[in-house]
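There are 2 protein chains.
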Amino acid sequence: MQNNEQFSIVYPKGFKAAGIHSKIKKKKKDLALIYSDAPCTASGTFTKNLVKAAPVIVSEENIKNQIRAIIINSGNANACTGEIGMANAWMMVEGTAKVLNISGDEVLVASTGVIGQQLPIDNIMAGIEDIVEELGSDKDNGIDAAEAIMTTDTFRKQFATEFTYEGKEIRIGAICKGSGMIHPNMATLLGFVTTDAAIDKELLDEIVVEGVNKSFNSITVDGDTSTNDMVIVLANGASGVNRIKDKDDDLYHIFKEKLIEILKKMAKSIVVDGEGATKFIEVRIKGAKNDDDAIKAGKAVATSSLVKTAAFGEDANWGRILAAVGYSGIEFNPYETNIYIGSSKGELLVCEMGMGLEFDEDFAKKILSEKEIYYLVEMEEGKGDAVIYTCDLSYDYVKINGSYRS
Amino acid sequence: MQNNEQFSIVYPKGFKAAGIHSKIKKKKKDLALIYSDAPCTASGTFTKNLVKAAPVIVSEENIKNQIRAIIINSGNANACTGEIGMANAWMMVEGTAKVLNISGDEVLVASTGVIGQQLPIDNIMAGIEDIVEELGSDKDNGIDAAEAIMTTDTFRKQFATEFTYEGKEIRIGAICKGSGMIHPNMATLLGFVTTDAAIDKELLDEIVVEGVNKSFNSITVDGDTSTNDMVIVLANGASGVNRIKDKDDDLYHIFKEKLIEILKKMAKSIVVDGEGATKFIEVRIKGAKNDDDAIKAGKAVATSSLVKTAAFGEDANWGRILAAVGYSGIEFNPYETNIYIGSSKGELLVCEMGMGLEFDEDFAKKILSEKEIYYLVEMEEGKGDAVIYTCDLSYDYVKINGSYRS
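First to last, the sequence lines map onto chains L and H. Numbers given in our numbering equal positions in the first sequence, counted from 1, plus 43. Numbers given in our numbering equal positions in the second sequence, counted from 1, plus 43.
One copy or any two copies: either way a pair holds, since identical chains are not told apart in the list.
DSBU-like mimics (lysine-lysine), calculated; alpha carbons at most 35 Å apart, straight line:
1) Lys91 <-> Lys257
2) Lys95 <-> Lys388
3) Lys70 <-> Lys409
4) Lys339 <-> Lys91
5) Lys311 <-> Lys290
6) Lys69 <-> Lys408
7) Lys409 <-> Lys69
8) Lys68 <-> Lys408
9) Lys56 <-> Lys244
10) Lys339 <-> Lys311
11) Lys91 <-> Lys311
12) Lys408 <-> Lys308
13) Lys257 <-> Lys301
14) Lys329 <-> Lys91
15) Lys71 <-> Lys409
16) Lys70 <-> Lys408
17) Lys308 <-> Lys339
18) Lys257 <-> Lys95
19) Lys95 <-> Lys141
Honestly, the hints are just simulated from the structure, not real lab data.
Start from the sequences, fold in the hints, and give me the full structure.
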């Protein structure tokens, strides 16, 4: 198989998908369906925004059940749409169940797009009749679905991986949408993962919470959490491998590692899809009082426009990093803090015990000229660690700040 | 007098100022001096960042005293510079005291520029010898000082006002630097206010804290608080008017109003100096549980890149406003929340009880086409109010998000 990623969510056995244009958007694909031949163990995480879109409320309800299908529309978020919006979300669920001849309990729904406008529900219901005819497990089906959930994403986001356990292949596939730039496009992040592994719901729930924390919740999207954010994982067991029921099971650990790896790849693709972003940045915090403090410090650094513009300018302006930790709200001693910059070109200590060092500017430039770079902040407060992912700010944002130091 | 603003900090009686090039920057003015003939009551607010620059620490110490002079350099922040930095800040204070023949206790110091590099202290000490020769009360002296504190500001920021009390004129003048755009240039905000009023320190302290909260602390500069932020007010009494000693004094109230008005103008000038900013935006929150909640909600709205891009696009995308309040961390009922947009062209209810209304899009466009607009969020939780100032995001940031809804 040349590129299993293109199969994305139909790569695992027993899954079908489709993506079509149902006239929510003017021209582009706007309706996606993911379908499993067998009932799936389902886990998900949903937006923590107090203002929740109707499909979030409906899917939070149904995810307690075994799931057969997810219906997703782009172009309209069905958020802030009151009772009519709730009714429309349920109609999408019931309509999908009907054409698939399954129960409404077995369907999840997701939407992304503009907030506060009612769905063109007639178009969508007609679309649901049409889309079921398009379901398939070909590469094109995966691509169609990946495209149908896009809003202003600049590229479609699709993933797949597999591993062998006791002679049997287990596959994981995924699609997602969103942009990790300073202005998240449409402010909605949707992610859907399919696997032909078999696993108990409690175990899958735990893995998904941990995995989403280490991936989507570790990317900075400017603090904006949307009304519609949703990450869903479906496991249908079609690989025929033993069901994962226990953490002592070897397979549990292999599966967990592979799933989290996919979630991280998805999150990373969202960071990379920033308008004009030229660099992927890891902010690594070590030695904070605890993990919560480390996350706070990491997010302060990763969301600082000053840090991000300096990254674009390939300028080792570590003072901005220290200043961001300084206003992050955590307690720490700046005079016991070291800062390193790094990439595949090497690592360089630029600030020792809170003070600037004389360092080789050419080497610093070389390190920061890479596409993937990291900043490491080392404190002396405790054992709290975190890694936060972000991107730089592109030239147009940056004219003034990026090259400030020179 | 044609334009008293150009006199800025030398507009009040008894103040002199100067601004020169002392070779910290390559070419531009980089050293400013403000001097009062008589000792001044002095009040100030300083950065809350845990990482404080040396001049902040020194000025926090000296502001307890009566003050005669402030020495300010741009081009280098003298932050994260350890013991050498502290020694250099004190040298600037003592050097200034010496050339002015006053005590070191009577001098404040401020710096703005790159972090983590030692000051070119020899150049600065030579500059201090030179700058004292340039002190004067002419318009050009005010302009020179305003220019010498600039970093990447796109225009110099100078202000003045006066009022008459019992036949005597009281004047207030000010200069400041900083940019309120999403990436605050150099992340430093400096503000200096002079007045020839006479006032007790406790009363001035109170006014300054309240005034800074309603002005500089109500503008959003992307969450970045700098290592060097500082706002200082000096009152030398040279107007000859009675000393303000009591809140029952009419003059207290008039003076307070005028001073806060100047502080707001200064803060606004910083918001307006955003790279490519086309609009000044007031985010008004009413009916939050308390003022703290109102401020949190207002800041979430004002820092949302999605809200700011929609403002640029003149798009009444109120859903982004409601979503921002939703993730601000406050408790409120979205279904008891109204949102209005407004400007000098009128006011329009766009979201009632958390749901979108059909509204006149042409009228909305007309309202939002103004240079100064506001968003009003009305909740039903309590009596908490706040007004936060911000600006939009310019076209280059905005290609994707600004015109999203159409």
